[in-house]
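Numbering (our numbering), first residue to last: 20 to 333.
The hints are simulated quantities; they were obtained by calculation from the structure and are not laboratory data. Errors might be hidden in some of the hints.
[Stated by the list, open to error] Below 16 Å or equal to it, Euclidean Cα-Cα: the simulated EDC-like pairs (lysine to aspartate or glutamate) are: (1) Lys-258 x Asp-167; (2) Lys-207 x Asp-86; (3) Lys-253 x Glu-196; (4) Lys-213 x Asp-86; (5) Lys-241 x Glu-220; (6) Lys-204 x Asp-231.
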Amino acid sequence: MPRDLPGRHQRLHCIQSSPRRRGVFQMSNGNQCLGNPSNPFQPEMMRIVRRYDLTDDVRFFQVRPSDASKAMSLFYRPGAFAMVSSPGVGEAPFCISSTPSRPGLLEFCIRRMGHVTNSLFRLKENDMIGVRGPYGNGFPIETLRGHDLIIVMGGMGVAPLRSLLLYALDNRDDFGEIYLLHGAKTPKDMLFRKEFLDMMERDDLHCLLSVDKDDTGKWPAKIGLVTTLFKELKKIDSKNTYAAICGPPVMYKFVLQELLKLKIPKHQILMTLERRMKCGIGKCGHCVVKHVYTCIDGPVFSYWDVLNMKELIY
Numbered sequence: 020m021p022r023d024l025p026g027r028h029q030r031l032h033c034i035q036s037s038p039r040r041r042g043v044f045q046m047s048n049g050n051q052c053l054g055n056p057s058n059p060f061q062p063e064m065m066r067i068v069r070r071y072d073l074t075d076d077v078r079f080f081q082v083r084p085s086d087a088s089k090a091m092s093l094f095y096r097p098g099a100f101a102m103v104s105s106p107g108v109g110e111a112p113f114c115i116s117s118t119p120s121r122p123g124l125l126e127f128c129i130r131r132m133g134h135v136t137n138s139l140f141r142l143k144e145n146d147m148i149g150v151r152g153p154y155g156n157g158f159p160i161e162t163l164r165g166h167d168l169i170i171v172m173g174g175m176g177v178a179p180l181r182s183l184l185l186y187a188l189d190n191r192d193d194f195g196e197i198y199l200l201h202g203a204k205t206p207k208d209m210l211f212r213k214e215f216l217d218m219m220e221r222d223d224l225h226c227l228l229s230v231d232k233d234d235t236g237k238w239p240a241k242i243g244l245v246t247t248l249f250k251e252l253k254k255i256d257s258k259n260t261y262a263a264i265c266g267p268p269v270m271y272k273f274v275l276q277e278l279l280k281l282k283i284p285k286h287q288i289l290m291t292l293e294r295r296m297k298c299g300i301g302k303c304g305h306c307v308v309k310h311v312y313t314c315i316d317g318p319v320f321s322y323w324d325v326l327n328m329k330e331l332i333y
């Protein structure tokens, strides 16, 4: 099994490459993080440069450090997350939906569901928010290079997998065939709907979209559960294919069944899981499952890991 697969990493620690000061510092997993290595709970203030609604209750935020040198120094793997805070209210973890191949900014999809997100929804462009990170072990890009990819997303699972998809498309020559399977309840519930519909026109991507139902009669793609899209996959080279999954818990069981039918090896099925993360740096123990810290060993795990720790999903 490749050694750089998620869930096989050592504990994270800060690697000092400069005197202790607020700025950018490197974690042992390679992430270039914003903040203060002397106080990892102190966020970096970032400016909202763009915001708009993706659905009735999900909003897109694009943020940038005020210091351009810090912005260009950010580095992380697709699948990483950050702690986002509303000043004076609190913070919460959110997966990064932008790609490190487009440096200088971070993008988040945030669903309104509590006092922190309600406060973030009240902020406008040019307002400031706090950001700690990027944190976590993302997708093992070094391992994925040279292989075919099957990316299966649903619901808010779009956020981390959009990062992986855009990275792969920006570095298209590094990957083989790329299959995107994206499902939503209705067309209006599909995050980045126009972006993904436009991707259906690309000749270097197999973009398969579906919705459970369409009351408008105008949906141009498939109607049905995301698992019905597997019928469209032809001539999958299972030994040369990695799969990435993220979506609601109920989706995993049925998507995994389809991937196993394709004979994708279990260690080549990668899942991004955000189970009860709180501090983001392995200090509070809130996300511990057995011996694993979701925030530092994950949030990306292989199916092998999940088989031994089913609490990661449920």
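Cross-check of the supplied hints:
1. Lys-258 x Asp-167: Satisfied, since the Cα-Cα distance of roughly 9 Å is no more than 16 Å.
2. Lys-207 x Asp-86: At roughly 37 Å apart (the allowed maximum being 16 Å), Asp-86 and Lys-207 break the hint.
3. Lys-253 x Glu-196: Status holds; Cα separation ~11 Å.
4. Lys-213 x Asp-86: Violated - the C-alpha atoms of Asp-86 and Lys-213 are around 32 Å apart, more than 16 Å.
5. Lys-241 x Glu-220: Distance of about 15 Å is within 16 Å: holds.
6. Lys-204 x Asp-231: holds, 5 Å
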